[in-house]
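Chemist: Just so you know, the sequences run in chain order L and R. Be aware that the first sequence starts at 12, since it is given in my numbering, and climbs by one per residue. Be aware that the second sequence starts at 2, since it is given in my numbering, and climbs by one per residue.
A portion of the hints provided could be inaccurate.
As the list claims (entries may be wrong) - From the derived model, a few chain R residues whose C-beta atoms are all more than 10 angstroms from chain L:
1) Cys17
2) Gly63
3) Ile71
4) Ser72
5) Val74
6) Leu85
7) Asn94
8) Leu105
9) Ile125
10) Trp137
11) Tyr140
12) Val141
13) Lys165
Unchecked claim - Here are some chain R residues pointing at chain L (derived, C-beta under 10 angstroms):
14) Ser25
15) Leu29
16) Asn32
17) Gly115
18) Ile118
19) Tyr126
20) Ser136
21) Ser138
What the hints assert, rightly or not - Derived coverage of chain L by chain R (criterion: at least 3 residues anywhere in the stretch with Cβ under 8 angstroms from a Cβ of chain R; other residues may be distant):
22) 51 to 60
23) 144 to 150
24) 165 to 175
25) 183 to 194
Keep in mind that the hints were calculated from the coordinates and are not lab data. Note that the structure is predicted; figures quoted are calculated from it, not measured. Heads up, the beta-carbon is just placed ideally off N, CA and C, and yes, glycines get one too.
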Amino acid sequence: MIKARRKIGFHLLLKSRFWIIFLCGVLLFGVRWTKGAGYLDLYSILIKPILPGTAQREWIKEGENIDREIRLKLLEDDNNRLRRALSLQEFKSDERISAAVISRSSRNWWQQLEINKGALDGVLKGQTVVGPGGLIGLVDNTTPLTARVRLLTDPGHQVGAWIDRTKRHGILTGMGTNRPKLIFLNKNSFAKIGDAVTTSPASTLLPPNLTIGIVKFVDEKALPSPYAIVQLTASPEAIDWVQVLKNNG
Amino acid sequence: MAKSNRKLLKFCITFCFSAFIIISPSWLSLNGITPCWPVIFLLPFSLTNPPFISVSASILLGIFLDSFTISDVSYIPSLFLLSLVWSNYGLHNKKIELFLNIGLMAIFGTAFVGLSIWIQKIIIYDFLRNNWFHSWSVYVFMSEVIITGLVAPFFCSWLLLTYKKN
């Protein structure tokens, strides 16, 4: 007996199974099309409550900071011990005197600052003065309540400095402008524009590794020795507060 | 009237002069350079006093100013010569209250003080001898002359009149 052919027609649309299959197909196609974006978003929303929050992140950061501080302290102690063994200047960050600038003459024939801390506060002649950005100058003389700071820019003011990258020493000489001259002691300076100039770790007068400035110009062919023009990182014209380092002088 | 003038004069010399030197007010400066105050205060005094008193005053003024500076360079030589010239000029020229006349004398005086400091620095510091015309020296010299030339006529002529009244 011949079975009658099943009728194919729009009546299929009325069956619920068809719609389920169709919707599943559309859904899978959508997942494929968006490369699983919906799934991933849903996953992130679902696991949000159990993710480490900001508080946990702060705990981790705090732990890292404590770890770094301990390591820094240990390294500083180690460094000071070695420097003491070599009879070099020590650098103790906790022995500083904060002082306000009460008078400023940073562009005149004499380039100096007057600060409101003097001999009574423990400020001595020759002590190092730093400000935001690095070394500013040295204490030239003191009164009981004030001290006069000779700036690095003052013509004739000379301090020892070096470029850490090349390990070359020089004498930083004030030229009256914000760009003192670093006269190298070696025939070849190997300095490049952008090199950082700091106080020498071998210095017996200044604390080691204090930032002074950045090399802006180098003349390798200059006679009798090459020189570099250094842009100071600390601008004495804009500084209202300074710190006097007590560990030298 | 004379008594009040004297009081004003004393106040001006003892208080304002030292205050201007120490504070170096930024509102009275040109590119960070303040007027040459010793010239402004010495000029009227020298014009109204005989050479010996003027020279003595200039030396004392120089000693006072040198105590506020940080190097071996001194104001005394230039102020000494200026006081000598000005007091001689003042003895022979009675009518010198003119505004521009005083301003011009202050300009020349400041230029002389600046040149004296410049030359002393070149003599003292070896490295400055390599290049005599440093941008910094020219900058300070020019700015100081200009700002003193602007300020001096007001201060000096007023001080000169007050000295003469006393």
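Chemist: Confirm or reject each hint.
Modeler: Do the hints match the structure? See the list:
1. Distance check for cysteine 17 of chain R against chain L: the nearest CB is about 16 angstroms away, which clears 10 angstroms, and the non-interface claim stands.
2. Glycine 63 of chain R, annotated as away from the interface, keeps every beta carbon of chain L farther than 10 angstroms; the closest lies near 14 angstroms.
3. At roughly 5 angstroms, the least C-beta separation between isoleucine 71 of chain R and chain L is not larger than 10 angstroms, which violates its mark as non-interface.
4. For serine 72 of chain R, the requirement that its beta carbon stay farther than 10 angstroms from each beta carbon of chain L is not met, with the minimum near 6 angstroms.
5. Listed as outside the interface, valine 74 of chain R is inconsistent with that label: its C-beta sits roughly 7 angstroms from the nearest C-beta of chain L, within the 10 angstroms cut-off.
6. Every CB of chain L is more than 10 angstroms from the CB of leucine 85 of chain R (nearest about 22 angstroms), matching its label as outside the interface.
7. Consistency note on asparagine 94 of chain R: stated as away from chain L, and its beta-carbon is indeed over 10 angstroms from all of that chain's, at 31 angstroms minimum.
8. The claim that leucine 105 of chain R lies off the interface holds: its Cβ sits roughly 22 angstroms from the closest Cβ of chain L, which is beyond the 10 angstroms cut-off.
9. At roughly 7 angstroms, the least C-beta separation between isoleucine 125 of chain R and chain L is not larger than 10 angstroms, which violates its mark as non-interface.
10. The beta carbon of tryptophan 137 of chain R sits about 3 angstroms from the closest Cβ of chain L, which is not more than 10 angstroms, so the claim that it is off the interface is violated.
11. Chain L draws tyrosine 140 of chain R into its interface by the beta-carbon criterion, the shortest separation being 8 angstroms against a cut-off of 10 angstroms.
12. Not every CB of chain L is more than 10 angstroms from the CB of valine 141 of chain R (nearest about 6 angstroms), against its label as outside the interface.
13. The non-interface label for lysine 165 of chain R is consistent with chain L: the shortest C-beta to C-beta separation is roughly 32 angstroms, beyond 10 angstroms.
14. For serine 25 of chain R, the suggested interface contact is upheld, since its CB lies about 6 angstroms from the closest CB of chain L, less than 10 angstroms.
15. Interface hint at leucine 29 of chain R: violated, since its Cβ lies 13 angstroms from the closest Cβ of chain L, which is beyond the 10 angstroms cut-off.
16. Taken as an interface hint, asparagine 32 of chain R checks out: its beta carbon lies about 7 angstroms from the nearest beta carbon of chain L, inside 10 angstroms.
17. Satisfaction of the interface hint for glycine 115 of chain R is found here, the shortest Cβ-Cβ separation to chain L being roughly 8 angstroms, below the 10 angstroms cut-off.
18. The interface hint given for isoleucine 118 of chain R holds, since its Cβ lies 5 angstroms from the closest Cβ of chain L, which is under the 10 angstroms cut-off.
19. Taking 10 angstroms as the C-beta contact cut-off toward chain L, the hint placing tyrosine 126 of chain R at the interface holds, the least distance being around 4 angstroms.
20. Restraint check, serine 136 of chain R versus chain L: the minimum CB separation of about 7 angstroms is within 10 angstroms; hint holds.
21. For serine 138 of chain R, the interface hint holds, the least distance from its beta-carbon to any beta-carbon of chain L being 7 angstroms, beneath 10 angstroms.
22. For a cut-off of 8 angstroms, the count of residues in the segment 51 to 60 of chain L with a CB near a CB of chain R stands at 0, and the three-residue condition is violated.
23. Taking a C-beta to C-beta cut-off of 8 angstroms, the segment 144 to 150 of chain L contributes 0 residues in contact with chain R, too few for the three needed, and the coverage statement is violated.
24. Requiring three or more residues with a Cβ within less than 8 angstroms of a Cβ of chain R, the coverage given for the segment 165 to 175 of chain L holds, as 3 such residues are present.
25. Beta-carbon proximity to chain R at under 8 angstroms applies to 6 residues in the segment 183 to 194 of chain L; the threshold of 3 is reached and the given coverage holds.
Checked against the numbered hints listed earlier, the structure breaks hints 3, 4, 5, 9, 10, 11, 12, 15, 22, 23; every other hint is satisfied.
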